[in-house]
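So you can see what is in the structure, the chains are spelled out below.
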Amino acid sequence: MDFKDYYQTLGVARDATAEDIKKAFRKLARKYHPDVSKEADAEARMKDVNEAYAVLSDSEKRAAYDQLGQGHHPGQDFRPPPDWQPDFRAPPGRGYSQAETADFSDFFAELFGRTGGARAAGQDFQARGQDQHAEVLLDLEDAFNGAARQISLRVPKLDDKGRIALDSRTLNVKIPKGVREGQMIRLAGQGGAGFGDAPAGDLLLEIHFKPHPRFRIDGRDLYLTLPVAPWEAALGGVVPVDLPDGGQLKVRIPEGAQNGRQLRVRGKGIPSDPPGDLLLDLRVVLPAAETPRARELYETMARELAFDPRAETGV
Amino acid sequence: MRDDEILTGAILEDSCLTLDQLAGACAVSPDWVRVHVEEGLLMNQDGDGNGEWRFTRRELWRARHLHRLERDFDASPELAALVADLLEELESLRARLQRAGLR
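Order-wise, the sequence lines are chains A and B. For the first sequence, position 287 matches number 319 in my numbering, and the numbering has no gaps at all. For the second sequence, position 3 matches number -13 in my numbering, and the numbering has no gaps at all.
The set of hints was computed from the structure by calculation and includes no laboratory data. Where hints are given, some of them may not hold.
With the Cβ distance kept under 10 Å, some of the chain A side facing chain B (calculated, not the full set) [claimed, not checked]: (1) Lys54; (2) Asp67; (3) Asn82; (4) Arg160; (5) Met216; (6) Ile217; (7) Arg218; (8) Gln222; (9) Gly233; (10) Glu238; (11) Pro243; (12) Asp313; (13) Val317; (14) Leu318; (15) Pro324.
Partner residues are not named here, just some residues of chain B that face chain A (Cβ under 8 Å, in silico) [stated by the list, open to error]: (16) Leu(-9); (17) Thr(-8); (18) Leu(-4); (19) Gly8; (20) Pro14; (21) Arg18; (22) Glu23; (23) Gly24; (24) Gly35; (25) Trp37; (26) His49; (27) Ala59; (28) Pro61; (29) Leu77; (30) Gln82.
The calculated label-pair distances, taken between Cβ atoms and stated as ranges, are [to be verified]: (31) Arg18(B) <-> Asp199(A): 28 to 34 Å; (32) Ser200(A) <-> Asp15(B): 15 to 21 Å; (33) Ala180(A) <-> Glu72(B): 29 to 35 Å; (34) Glu142(A) <-> Leu66(B): 35 to 41 Å; (35) Ala230(A) <-> Ile(-10)(B): 43 to 49 Å.
Note that CB positions come from ideal geometry on N, CA and C, so glycine has one too.
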């Protein structure tokens, strides 16, 4: 197990005051907080920063860490003394949930226990297990056809000796047809284990979609840019559109449609209940005047149509 | 549980979470939720018309962010709510960009 230098993580001296530590934490929180940060590895960095701060902001934990860590360097192999008993009666503190401290490093777990104290609460202690969150990244096609996904989790649970250990589990979860961006699926009893006879928490899966090369997603609705030829727009016509479920739709372009016009096809969005709509943004694409024949056609139009696209704009 | 067992969950529809479920899902106390509703920082809906509070998944998203912002920045609840408002607006603008095919 690698030794972690929490002082280095926060960029403070070993004799830093509580106030300095708080300042350093706040500065890093602004930089790496996943809600506001643009850094690529913000989430991982914030986890490190939170872990370091959870220890250094708590005078009891900090003293224990200082005592154990004397003479160690970051990355160096570290074993706590054999008689070391993580026995912190205080809750994890600062509102870190069991699920969050479960995500802290093994180094933290070895020193302070996974929850920083639930074990000390005694035999009669009963509490419902905590809810766990996970995100599922789906393809748009999954919302049309339904899917099954494997989800790997690290869930805190009590071992035979009543200590908190991390349980790695893989769940197969059915993703029903018609799910939408941001929706949550609740799997009752699949979260953290309860204490005593209390029930386990729930697992909440948050649905997100990967960007699709053709369709854009907004809740139940799908948006698609549909390129059309000038004559299809001017004269009207029927254009085939491939749908995410593999089917094909024939869409009628109304006569005289202009570039940028939006057509709504009801019920052809994500098949929720009620189903969403498919919105088609028409984009008129001009054929290139590359051949003598194409030039001739454009010249005929120019001569015979008396068309001024700027007539109403006053340009 | 067998490895090949496939679990089917319940989709959280709008306004389906009870106060205790919301608190559990955010790892906060029910009192934390109550205070934030009373201060107008979280919105609740009347569930079955019996006065019992219900929350949407939107509020779940918001409550988790509020809690994290308050904790990590020692922010006052009002300030955290302001940041959450801005984050929501940012998200909706980004979604508009994406719908317009600009992102």
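A quick look at each hint next to the structure:
no. : hint                                  : result
1   : Lys54                                 : holds, 8 Å
2   : Asp67                                 : holds, 6 Å
3   : Asn82                                 : holds, 7 Å
4   : Arg160                                : holds, 7 Å
5   : Met216                                : holds, 4 Å
6   : Ile217                                : holds, 4 Å
7   : Arg218                                : holds, 5 Å
8   : Gln222                                : holds, 7 Å
9   : Gly233                                : holds, 6 Å
10  : Glu238                                : holds, 8 Å
11  : Pro243                                : holds, 8 Å
12  : Asp313                                : holds, 8 Å
13  : Val317                                : violated, 15 Å
14  : Leu318                                : violated, 19 Å
15  : Pro324                                : violated, 35 Å
16  : Leu(-9)                               : holds, 5 Å
17  : Thr(-8)                               : holds, 5 Å
18  : Leu(-4)                               : holds, 4 Å
19  : Gly8                                  : holds, 5 Å
20  : Pro14                                 : violated, 12 Å
21  : Arg18                                 : violated, 16 Å
22  : Glu23                                 : violated, 18 Å
23  : Gly24                                 : violated, 21 Å
24  : Gly35                                 : violated, 24 Å
25  : Trp37                                 : violated, 18 Å
26  : His49                                 : holds, 6 Å
27  : Ala59                                 : violated, 10 Å
28  : Pro61                                 : violated, 13 Å
29  : Leu77                                 : violated, 13 Å
30  : Gln82                                 : holds, 6 Å
31  : Arg18(B) <-> Asp199(A): 28 to 34 Å    : holds, 33 Å
32  : Ser200(A) <-> Asp15(B): 15 to 21 Å    : violated, 34 Å
33  : Ala180(A) <-> Glu72(B): 29 to 35 Å    : holds, 32 Å
34  : Glu142(A) <-> Leu66(B): 35 to 41 Å    : holds, 40 Å
35  : Ala230(A) <-> Ile(-10)(B): 43 to 49 Å : violated, 27 Å
Hint check: violations occur at hints 13, 14, 15, 20, 21, 22, 23, 24, 25, 27, 28, 29, 32, 35; the rest are consistent with the structure.
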